[in-house]
Amino acid sequence: MTRKQSGGNTSLWDGAIVRRAAVDALRKLNPVTMMRNPVMFVVEVGSVLTAVLLLRDIHQQSAAFRFDLQITLWLWFTVLFANFAEAMAEGRGKAQADTLRRAKSETMANRALAAGGTEQVPSSKLRAGDIVFVGPGEMIPGDGEVIEGVAAVDESAITGESAPVIRESGGDRSAVTGGTRVLSDRITVRITSNPGETFLDRMIALVEGAERQKTPNEIALNILLAGLTIIFLLAVVTLQPLAIYSHSPQTVFVLVSLLVCLIPTTIGGLLSAIGIAGMDRLVQHNVLAMSGRAVEAAGDVNTLLLDKTGTITLGNRQAADFLPAPGVTKQDLAEAAQLSSLADETPEGRSIVVLAKEKFGLRGRDLANTHAEFVPFSATSRMSGINIENRAIRKGAADSIARYLEEIGGAMPEQVRADVETIARTGGTPLVVSENERALGVIHLKDIVKGGIRERFEQLRAMGIRTIMITGDNPLTAAAIAREAGVDDFLAEAKPKDKMDLIRREQAQGKLVAMTGDGTNDAPALAQADVGVAMNTGTQAAKEAGNMVDLDSNPTKLIEIVEIGKQLLMTRGSLTTFSIANDVAKYFAILPAMFAGTFPVLNALNIMHLRNPESAVLSAIIFNALIIIALIPLALRGVKYTPMSADMLLRRNLLLYGFGGIVLPFIGIKLIDMAITAIHLV
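Numbering-wise, the numbering used here comes out as the position in the sequence shown, counting from 1, plus 1.
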């Protein structure tokens with residue numbers, strides 16, 4: 002399996018992305034663009050103000066020109082670094098979009114005519130409802146559903162996966178995507194989208210961030226940051242009359258520096274990048290989120306609904322053990338079971354052959370010269386088998402084998418009946434094997450729970466997330482699988498309405514619910530769920546109902562989606578804590594520098610022993626700019642995700658990013674003060 006879209010593997014500091022981000026950072030200086038970020042807009046206004054005053058200094062040949070120039074430059078660097086962080090996040094999305102755009106090419110389509118026959122038209126001329134014919138080697142010209150035929154389709158241009166997939170009419174594998182290629186056979190496709198509205202168009206727009214809307218939590222945080230900015234703005238403005246009254250030689254440059262250092266510029270500069278990077282991380286996992294709200298909701302999920310088949314289990318029941326009848330060895334039972342399964346191409350039949358080989362070294366044999374006669378499975382007899390060398394070997398359901406033995410004068414031993422009942426009670430499927438008039442024993446078929454899934458559920462439980470398995474099995478079987486997998490609850494004999502009712506019950510209790518689905522019957526539940534992940538192999542109805550699409554069609558990816566959502570929330574919370582905490586150190590750096598000359602008692606606040614007022618102000622403003630650049634990798638990659646309870650997460654956040662956010666600026670500002678003093682910048 003190849004991985005993934007080229008944009009998803011792009012390194013963080015890829016040269017092309019960095020160059021494009023540098024240019025975009027300058028373009029984002031447009032005040033109309035900057036106004037979307039109130040914190041950085043205030044910094045830009047301050048930068049413009051100091052730049053204008055700097056021109057006055059040049060005209061007046063001010064002695065403070067050198068200091069004022071450095072303050073002005075670092076203020077502009079602060080704005081540019083914040084824009085650069087956002088542009089870097091967008092640039093990674095644009096790199097992925099470029100890959101997708103290459104898959105979106107103008108192709109010719111064989112469109113069916115109402116009067117019969119076909120006509121060739123460009124794909125851009127197709128409209129929803131048109132019928133097209135696609136043959137081997139041809140590109141599928143637009144999104145649609147297969148209404149006739151079955152074919153292998155190469156979707157690597159979209160998903161990055163090299164293995165072809167099967168698309169066929171009817172069922173849950175009928176959806177096809179424009180830009181993919183038919184490898185074999187011929188299919189008839191009904192187009193379901195108009196030009197500019199295709200799945201590929203939506204993918205390109207979303208990964209570029211062009212349609213990324215701020216989430217409710219992000220909007221709330223923006224309002225908080227804007228409020229803090231207004232409070233600090235009022236506080237700084239009132240310091241100027243105080244400076245005049247106390248004859249403290251303050252300049253606008255120092256006041257603007259104080260304002261920029263006190264407002265939450267770090268999180269203000271990185272907030273947009275964090276949101277874009279969250280969606281980018283999903284794309285790297287081949288999941289397309291239709292909105293930032295969906296990613297954020299994934300981080301707040303309380304309940305996960307997971308299909309049993311293909312998600313918790315491998316998807317097909319497999320042979321797990323041979324239980325011989327009295328007087329029969331396990332090897333004899335395995336040998337007969339393997340012979341009866343050599344012509345059985347079902348996953349269950351192949352698993353019996355493999356188990357016999359693994360446990361007893363029995364290998365498939367050449368039956369060409371033995372005049373073997375295979376007995377195919379039929380719904381009437383519910384048996385299959387083989388006649389070979391005077392041996393009539395049969396394999397099938399327990400009641401069918403029992404009737405078969407009675408008809409030819411045999412009988413089912415009590416021990417075999419007991420083994421059948423034991424397997425059935427534990428949720429397995431018993432298959433009885435007989436040879437001539439004698440029952441040889443039972444094959445235990447069971448759903449194989451995926452390796453490591455129990456540990457993943459334990460991680461989710463540690464985060465306070467409840468897992469519910471959904472299955473069409475009977476309650477007895479469902480309970481056995483649920484115990485083995487370690488889910489918190491299960492819904493047996495589930496129908497579409499049952500899923501909807503379960504989601505609504507959970508939501509009525511104030512919980513957020515996530516689920517996966519691929520069929521039209523899953524569409525209502527996907528639409529109702531807070532996070533609905535539709536499989537790309539599923540129907541168009543399912544993909545339109547969900548707010549995420551998994552291009553790999555891997556149901557277990559729902560767990561990764563929740564982890565990415567939580568990582569987004571953790572990153573935003575951690576950097577907000579850090580940003581607010583590091584203002585404390587900048588407060589101790591600038592305020593003593595401003596008023597210690599007039600009020601010597603304020604020297605007690607100069608706990609960093611900064612060299613002089615100018616170096617103190619300049620050191621704080623330099624640190625304030627550099628910390629944004631230093632945190633860009635963390636904003637783009639996200640805070641390392643570790644499953645833990647909310648209480649433990651809060652304590653870790655306060656210790657690492659709260660306490661660390663206070664301590665680090667003290668060290669950084671002091672080191673910068675020593676450096677700029679040593680090279681005589683002030």
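If you're looking for bench data, these hints aren't it; they were derived computationally from the structure.
Take these hints with a grain of salt, some might be off.
[Unchecked claim] Pairwise CB distance ranges, derived in the manner of DEER restraints: (1) ALA480 / HIS372: 43 to 49 Å; (2) THR643 / LEU30: 51 to 57 Å; (3) GLU407 / HIS372: 40 to 46 Å; (4) GLU459 / GLY136: 27 to 33 Å; (5) PRO601 / ALA52: 30 to 36 Å; (6) LYS641 / ASN607: 58 to 64 Å; (7) GLY197 / PRO634: 31 to 37 Å; (8) GLN510 / ARG638: 54 to 60 Å.
Glycine residues also receive a C-beta, built at the ideal position from the N, C-alpha and C atoms.
Discussion item. Going through the numbered hints above, which ones does this structure break? Give me the numbers in ascending order.
Written reply: 2, 3, 4, 6, 8
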